[in-house]
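Novice: First to last, the sequence lines map onto chains Y and W.
Just so it is clear: in the first sequence, position 123 is 123 by full-length UniProt numbering, and no numbers are missing.
Just so it is clear: in the second sequence, position 91 is 91 by full-length UniProt numbering, and no numbers are missing.
Mixed in with the good hints, there may be bad ones.
As the list claims (entries may be wrong) - Here's a subset of chain W near chain Y, in silico, CB distances under 8 Å, partners left out:
# : residue
1 : V2
2 : L84
3 : P90
4 : S315
5 : T387
If you are wondering where the hints come from, they were derived from the structure by calculation, not from laboratory data.
Every residue, glycine too, gets a C-beta built ideally from N, C-alpha and C.
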Amino acid sequence: MSTPVGRSVGESWRALRTPLLVTGLIVLAAIVVLIATTARTSGQFSPDSTESTGARALAALLEDHNVDVHGTESLNDAVQAGGGSTLLIGPGGSLDDGDWRRIADAQWSHVILMRPGSRALDALAPGVRPTGNSLAVRSREPGCELPAAVKAGTVTVNGPTYSAPEGATTCYGDGINNTVIRLQVGDRLVDVIGTPSSFINDRLAEDGNAALALNLLGTHQDLTWYLPQWESDYPDSDGESSAQLIPPDVRYIAWALAFAVLVVAIWRGRRLGPVVAERLPVIVHAAETTEGRARLYRRSRARDRAASALRESALGQLHEAHGIPRRADPSAVVATVAARTGRDPAMLYELLYGLPPLTDAALMSLSQELDVLTQEVRHP
Amino acid sequence: MVLTGRAGILAAAGVVFVALVMPSWAGVGVVVAAVLVVCLVDILLAGSPRRLQFSREGDNAVRLGEQAAVNLLITNPGRRVRGLLRDAWPPSAGVLDPPHKLDLPSGERRRLTTHLVPTRRGDRHAYRVTVRSIGPLGFAGRQGSHQVAWTLRALPPFKSRKHLPSRLARLRELDGRTALLVRGQGTEFDSLRDYVPGDDVRSIDWRATARRGNVVLRTWRPERDRQVVIVIDSGRLSAGRVGDAPRLDHAMDAALLLAALATRAGDRVSLLACDSAVRADVRRPAPEDVLPSFVNALANVEAELVQTDFRIVVSQVLERLGQRSLVVLLTGLDPAVIEESLLPVIGPLLRRHVVLLASVADPRLTELEAARGDLLDVYGAASAARTRLDRDRLTATLTRAGVTVVDEPPEHIAPALADTYLSLKKAGRL
Numbered sequence: 001m002s003t004p005v006g007r008s009v010g011e012s013w014r015a016l017r018t019p020l021l022v023t024g025l026i027v028l029a030a031i032v033v034l035i036a037t038t039a040r041t042s043g044q045f046s047p048d049s050t051e052s053t054g055a056r057a058l059a060a061l062l063e064d065h066n067v068d069v070h071g072t073e074s075l076n077d078a079v080q081a082g083g084g085s086t087l088l089i090g091p092g093g094s095l096d097d098g099d100w101r102r103i104a105d106a107q108w109s110h111v112i113l114m115r116p117g118s119r120a121l122d123a124l125a126p127g128v129r130p131t132g133n134s135l136a137v138r139s140r141e142p143g144c145e146l147p148a149a150v151k152a153g154t155v156t157v158n159g160p161t162y163s164a165p166e167g168a169t170t171c172y173g174d175g176i177n178n179t180v181i182r183l184q185v186g187d188r189l190v191d192v193i194g195t196p197s198s199f200i201n202d203r204l205a206e207d208g209n210a211a212l213a214l215n216l217l218g219t220h221q222d223l224t225w226y227l228p229q230w231e232s233d234y235p236d237s238d239g240e241s242s243a244q245l246i247p248p249d250v251r252y253i254a255w256a257l258a259f260a261v262l263v264v265a266i267w268r269g270r271r272l273g274p275v276v277a278e279r280l281p282v283i284v285h286a287a288e289t290t291e292g293r294a295r296l297y298r299r300s301r302a303r304d305r306a307a308s309a310l311r312e313s314a315l316g317q318l319h320e321a322h323g324i325p326r327r328a329d330p331s332a333v334v335a336t337v338a339a340r341t342g343r344d345p346a347m348l349y350e351l352l353y354g355l356p357p358l359t360d361a362a363l364m365s366l367s368q369e370l371d372v373l374t375q376e377v378r379h380p
Numbered sequence: 001m002v003l004t005g006r007a008g009i010l011a012a013a014g015v016v017f018v019a020l021v022m023p024s025w026a027g028v029g030v031v032v033a034a035v036l037v038v039c040l041v042d043i044l045l046a047g048s049p050r051r052l053q054f055s056r057e058g059d060n061a062v063r064l065g066e067q068a069a070v071n072l073l074i075t076n077p078g079r080r081v082r083g084l085l086r087d088a089w090p091p092s093a094g095v096l097d098p099p100h101k102l103d104l105p106s107g108e109r110r111r112l113t114t115h116l117v118p119t120r121r122g123d124r125h126a127y128r129v130t131v132r133s134i135g136p137l138g139f140a141g142r143q144g145s146h147q148v149a150w151t152l153r154a155l156p157p158f159k160s161r162k163h164l165p166s167r168l169a170r171l172r173e174l175d176g177r178t179a180l181l182v183r184g185q186g187t188e189f190d191s192l193r194d195y196v197p198g199d200d201v202r203s204i205d206w207r208a209t210a211r212r213g214n215v216v217l218r219t220w221r222p223e224r225d226r227q228v229v230i231v232i233d234s235g236r237l238s239a240g241r242v243g244d245a246p247r248l249d250h251a252m253d254a255a256l257l258l259a260a261l262a263t264r265a266g267d268r269v270s271l272l273a274c275d276s277a278v279r280a281d282v283r284r285p286a287p288e289d290v291l292p293s294f295v296n297a298l299a300n301v302e303a304e305l306v307q308t309d310f311r312i313v314v315s316q317v318l319e320r321l322g323q324r325s326l327v328v329l330l331t332g333l334d335p336a337v338i339e340e341s342l343l344p345v346i347g348p349l350l351r352r353h354v355v356l357l358a359s360v361a362d363p364r365l366t367e368l369e370a371a372r373g374d375l376l377d378v379y380g381a382a383s384a385a386r387t388r389l390d391r392d393r394l395t396a397t398l399t400r401a402g403v404t405v406v407d408e409p410p411e412h413i414a415p416a417l418a419d420t421y422l423s424l425k426k427a428g429r430l
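Same shape as in the complex, but just chain W (with noise of 0.2 Å):
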């Protein structure tokens, strides 16, 4: 049972009538029986939410800070429904809308659209849809809540994208495509063509040339087709937030464009997202299928408040892994985690992939490090300075076992490890 403001004003105006007109009992009497009866027959005359049938279609997913659409189809077998109609969300689906006036005559069916921009990544369920029914008179109405299922998903926002053409033209110029031909990008034989004055002699096929009766070239490429697994930690050391955003949603970040980077340069990339358990696992996803599964498998991880199992994810990446590979690892420099957990078990991945170690570091440290006000900003710089020295023993200890570490702010995360990956490319070391 609702009432609206007529109810209130009719109300109002039986004070006035008391006050002017019947100043007893039964003018208190009156007004509240002629306010009860108004309100019932309208009650009673009100099309009923309950009988209300509903549908959902549209967007099933969105990037975070995109806008989606979601449609609700409302047929409606009973008397007409004049009045108000909200579809509640949680929170941080990000509905735009006020709730929506709705007028459906018997017998007819109305298409309303709520438009959602997800504040949090994840999937976001609808919760209810709330009809309240006023009846023909305006005064009291009755409201009914409907379970409407529908899931929207909030993918990870890939901003780092922007990052992906100038490392698609590095990587080009590597393949081969370009005009520039030197030896050193790669160790994986191409063609033999014909010298041309510029090239590096280093690369002539003295063999070939032999042969030939001409000087013939060689050319070389960087390996194709080699693996790459992208692993994010989702533990408590990504739980963090640095900057605006915990430190699991930078690594996703740089994880999408290093994924991106590598599949367009040949290489299958699979994702392993990992704490105490296995939360998200793609395997050797299709070239064109990579980015898609990739952002849903990491839509709905969060960082866990526990403890990275190292263990798990050596022996899963063994598993998956025959030839000699890239291992990513994206995770957090602390100190007693990593060389607690990680050092001791790491020793088979090392032996036979190339480990990459990603880290995303806090900008509040430099400031915190910088810092020269009172006691407090000394002793605070102190203790940056220690965590910093702590971060750089590990990576050199890190660095010793064979580790390459890239440890960047937020911003650099993305980018620098694209950056890795392609001069470890240029490099052949894959």
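Isolated chain Y (complex conformation) (with noise of 0.2 Å):
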């Protein structure tokens, strides 16, 4: 007599197993594809970035001479120790007098300045100044005794130019304007580029581009390419402090109380039984053809067809009233039903067979009139 409906826990298992098990290796794979791939910085000037001001090519470039790249965002990485190995800092970000000083005191033996603000100029290249002048993208002669810019002969260069202390070897300007610095500050070396952009994968063939980039960024077997963010993020900041107010213990209530109210929606939320469906019947008005009729009249304005379908109801009224034979000529009827009304036949001749309104309210006005006169015949 009844039949069970559904699957029982062993057959929900074996139905339920080949699409638990591809959908599972699916997400595996996904997450395994999503954490090898994941650039660890991303975009201008990035060593991970294969867009067009992205510096991919220069990264793969250095690391073809044997030069290990590291790129990060992060300052921390920046403000390690890191003796015998170069630290360039890209273009952009904004870090505060603390944050270069903390850099500044980090032991690195080279650092690389990509168009530096003020504030990393006071801390890591002191003597260094920006001329508020720009160059106009075009290829230059090194123009200085720098073996790095010699060999790599001319370059295209744009962007900032910068003043040099004395003791400095500015290149690729005018000795007052220049792009290219270098400087030893104590033992580290300091380069000041204002030119970056000589160096993104879109310009990187031209001229010695490529030549000066390796000559400038190879001179250590380590390479950490920190490309500064926008907001300063050491842990004594304000950022993270709120996280660390909360107590402990909350953390844990908070997470029994996520238990808990998901057994409560499990509760809540199963239903007995689905819900029945069930084919319904269509239900139209029978009337609905008549008042759609009445408003496309209204729309086109049909004063005419509308007017004639009254007054042949209303002379259908007045012939049952007033026993006027059908096919009765229209001023038989005008008589008759003036010398019952004792209206003006003329008038009625206008109501009843006139020419079509012209207006609504003409039409309404007719109407009426009508109404009026069928009233009359029903209760003289």
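Given two chains presented individually in distinct reference frames, assemble the corresponding complex, making use of the accompanying hints.
Specialist: Rendered as structure tokens:
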């Protein structure tokens, strides 16, 4: 008499295990691929970016020449002691004086500043100042004794220029406005480069750009490629404190609460059997077509048709009330009705057989007059 | 798997436990493990809903608007099952009961009754029986469904049966079972009897009078054993809703009253519901079987949104009628449809039979025609007047062709059709 509906536990498991396995594998593969391919850095002049403004080409070139490029967006990586290695600081970002000082205090033996601001220059390259002028895109001769530049030859250069203190080597400029400056600060070599755009993916192949970049950046085995970010993130800033202000107990309570909410959701969410669906008949008012025609009349301002229907209907009632033959002459009808109601025959003729009304107001008044007339006939 | 409120309370108590006693990951783990273990034990101990056995008994049919009771017999061969049982039906089956409480010890059998008041005509099939079996601890349980087939047929309500007694009284008058006897009530010769002062002298049978020596009167009675075929149009003309029900339902009501009346009058009634195909066909049932067979045949007829093929109607009717009969056509008075598809094919019917066309008029049209408010009302009145004029013209055309037309609003259509039948009978036109 009765058949169980749905699957038993074993059947459900057998039916579901293959889809579950496949889904699990897909998710796992997606996670692995995501982790493997996630770029640590992104944006302009990023060693992982293959866009036209990125610097993936340069990073790859450096790797080919046995330089370990370590791209990062974290300030912590830039302030670690790095004896015998190079730190490249990309353009942009906003670090405050404290951050720059911490970078300066780290033991980098070679620091390269790409298009630095005055705070960076104060901390890392004392004496170098931005001139406020910039150079248009053009191939330029090195015009200096720096071996790296001399070997590279002409380089396509543009960007802001800097003035150098005494004892610094200045290249690719006129001696006052320079785009590449190398100076010795203590036992550290500092390069100030105003033209990082010479080394982006788009332009690296032009002139001696690649050679210059390799010569400047390839001084040590390790290159930390730091791209400063827009927010400063050292530990005692305000950013992290709100999470730490929450007592740890609350976190456990929140987890227990979340579990309780889940249990209650399962309790309330389980229905006692599925909703029963059923086909319902279409229900349309029988008068729908008549009402639709009324709206059509109105939209097309069919006053003539409306008036003729109303007149015909009124005439039908008059015929019935006065016993006038169906096919009677209009004048005979008017005469009979006029005799019974005492109305003016000319006006009656106009009312019953006149021209169609020209305005909506005229139609309204016509309908009212016809009403009055049929009322009179019914209750003389 | 289902959880109960107790599992929710246990989990909520767990929050308090974590807050006050063990605010650590271990505390959270203890709470989660406790809830899971308790629920799992309960699920394992709960009786299996899948192993229950069901069967049904009870009403098979009910008149629309009345209450039916369908029983569910549940046998439990396994562990004790406690919890809820829902006997699910489609919404228009109108189940009155909330889910039943169930407590079924092992090896026992229970009877639960589901009460239904269907809201729509037609067959309603039981959907599923879902049982939620809660474990002995009351924290969790199992849930399973069974298909237990049963069909409840909601029959046409036959609301117009309240008009039947008065029409039967008029029928008895016609039939001669009352004292009144005047010539003209039927044409079938009944008997001869002695003249009583006051009788209609036109009924005197002079030949018999001469033979017997005293004045003898012929009595007449209406014809009996005539054929009446009721044809219900289940096409799109019957689909439109008039008042609170489709034309089709009003037509069925009128058909049932006419069938009841004609059966009492000694006529043989057949039924045909037809659109582009025959939907219901009852041929000359035994008199006591007329109403049951009609309501059963009509229970599942729904208006189809197709044009009715009147050629089928005509051929079907001609096929089953030999002698001169009454053909009642319940349809809508739509000028386009009737003029194009009925009038061209109705000729053979009219030549041999009396044809009566009954249509449910829409009171909404009268309302529309009388409305005078804003401009749309006036256009509505004009449109309704046009519709009525078209219907009037169609009625005139049909009457000229020899069809008797009954066009009445829903509440009057059944008695009006019965009255027309009686007057046809009285006039001896059958």
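Novice: Work down the list of hints and note, for each, if the structure agrees.
Specialist: Here's how the hints hold up against the structure:
With a least beta-carbon distance of about 5 Å to chain Y, the hint placing V2 of chain W at the interface is held under the 8 Å criterion. At a threshold of 8 Å, the smallest CB-CB gap from L84 of chain W to chain Y is about 6 Å, leaving the interface hint in force. Annotation: P90 of chain W was flagged as interfacial toward chain Y, and the flag holds, the nearest CB pair being 4 Å apart, inside 8 Å. Taking 8 Å as the C-beta contact cut-off toward chain Y, the hint placing S315 of chain W at the interface is violated, the least distance being around 28 Å.
The interface hint given for T387 of chain W is met, as the beta carbon of that residue sits about 5 Å from the closest beta carbon of chain Y, less than 8 Å.
The structure shown violates just one earlier hint, number 4.
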